[in-house]
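Enquirer: Next come the chains, spelled out residue by residue.
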Amino acid sequence: MKITLKRTFIVLFVTLLISLALLPLSQTSWAQDMRGSLRGSESGQAVLGGRGDSAERLESLNRIPTGIGIITGFLRPALFLLIPGSITVVIHRAIKNFFRSRPHKPLAI
Amino acid sequence: MNQRTIKMNSNQVNWLIDIAAFTFFFLISAPQSTGIPLHEWLSFVFFGTFIVHILTHWEWITSVTKRLFKKLSGETRFNYVLNFLFYFSIIITMLSGILISQAVLPALGIEAKNDPFWRSLHNLFSNLSLLVLAVHLAVHWNWIVNAFKRYVLRKTTTH
Numbered sequence: 001m002k003i004t005l006k007r008t009f010i011v012l013f014v015t016l017l018i019s020l021a022l023l024p025l026s027q028t029s030w031a032q033d034m035r036g037s038l039r040g041s042e043s044g045q046a047v048l049g050g051r052g053d054s055a056e057r058l059e060s061l062n063r064i065p066t067g068i069g070i071i072t073g074f075l076r077p078a079l080f081l082l083i084p085g086s087i088t089v090v091i092h093r094a095i096k097n098f099f100r101s102r103p104h105k106p107l108a109i
Numbered sequence: 001m002n003q004r005t006i007k008m009n010s011n012q013v014n015w016l017i018d019i020a021a022f023t024f025f026f027l028i029s030a031p032q033s034t035g036i037p038l039h040e041w042l043s044f045v046f047f048g049t050f051i052v053h054i055l056t057h058w059e060w061i062t063s064v065t066k067r068l069f070k071k072l073s074g075e076t077r078f079n080y081v082l083n084f085l086f087y088f089s090i091i092i093t094m095l096s097g098i099l100i101s102q103a104v105l106p107a108l109g110i111e112a113k114n115d116p117f118w119r120s121l122h123n124l125f126s127n128l129s130l131l132v133l134a135v136h137l138a139v140h141w142n143w144i145v146n147a148f149k150r151y152v153l154r155k156t157t158t159h
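Heads up: the sequence lines are chains L and U, in that order. For reference, each letter of the first sequence is one residue, going 1 to 109 in the numbering used here. For reference, each letter of the second sequence is one residue, going 1 to 159 in the numbering used here.
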C-alpha cells in the first residue's frame, strides 16, 4: 500500500475528466424532457395541495431536525443498506458453497 | 517521558479508512437528519476518504484493469464492475450535489442554480450508490467481520 502524489493526481484528474464529460448532459433533450415532466408533476401536486413544491421541500431540509426526526432520517439509508446487503450475503454464500461442494471433473485417462 | 508508539499494518490502516468512509457516507445519506449545510460539508470529507480508499487499493485496481479482458475469475470481474459502478455513481452524486449546492457554494460566494435535472440525478444516483455499497459490503462481509474481531475484539481469526 503506497499513496503517492502521482497516484493521487491521476485519480483526481480522471474524476475531474469524467465530471467535465458529464456536464453537457444538462443540455440534452433528455434533460429538457426531465425538467418538463418534473415541473409538470410539481405544479400538479401543488394544485392538489400536496407537498410537491420543491422550494418548500428544500426549506424543510434546511431546518435541522430534533429528537425523533434525526432517527427517522437515518432509517432510509439503514434499510437501503440492510435489506439488499443481507440478501447479497446469503446469495454470495450460496454461490461460494455451490462451487466449493461441486465435484471436480475426473481426469481423462 | 515514556512515549507510546502505535504500529499498524496495512490491513489495519485499510480497515480504519473504510470505517471512516462508511461513517461519513452513512451520515451524508440522511440529509433529513443532518440538515443541508452539514450534509454538504461532510460530503467533501467523505470524498476525501473515498479517494484515499481508492489509493489504498491502487495495486488491485491496476492489476485487474490490465487483466480485465484476459483470464480472470468471475468474482474478481464482478467486483471490478461493481466498484466501477460505485465510483461512477459517487462522481455523478458529487457533481450534481455541487451544482445544486445551497451551503458550500454560497459560502464561497458562488450562487448555484437549483436545476430540477441535477436534483433528480442527485437523488437517483445517491440511492444507486447506497444499493451498490450494500452489495460491496456484503461481498466483503467476511473480511469486515474478521477485521472487526482482530482489531476491535483482539481475537485471532482464521480465513
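A few of these clues could be false.
Only pairs whose alpha carbons sit at most 30 Å apart, straight line, appear in this in silico DSS-like list of lysine-lysine [claimed, not checked]:
id: 1; chain 1: U; residue 1: Lys113; chain 2: L; residue 2: Lys96
id: 2; chain 1: U; residue 1: Lys113; chain 2: L; residue 2: Lys2
id: 3; chain 1: U; residue 1: Lys149; chain 2: L; residue 2: Lys6
id: 4; chain 1: U; residue 1: Lys66; chain 2: L; residue 2: Lys6
id: 5; chain 1: L; residue 1: Lys96; chain 2: U; residue 2: Lys66
id: 6; chain 1: L; residue 1: Lys96; chain 2: U; residue 2: Lys70
id: 7; chain 1: L; residue 1: Lys96; chain 2: U; residue 2: Lys149
id: 8; chain 1: L; residue 1: Lys6; chain 2: U; residue 2: Lys113
id: 9; chain 1: L; residue 1: Lys2; chain 2: U; residue 2: Lys149
The set of hints was computed from the structure by calculation and includes no laboratory data.
Enquirer: When the hints from earlier in the document are held up against this structure, which numbers fail?
Expert: Hints 1, 2, 3, 8 are the ones this structure does not satisfy, whereas the remaining hints hold.
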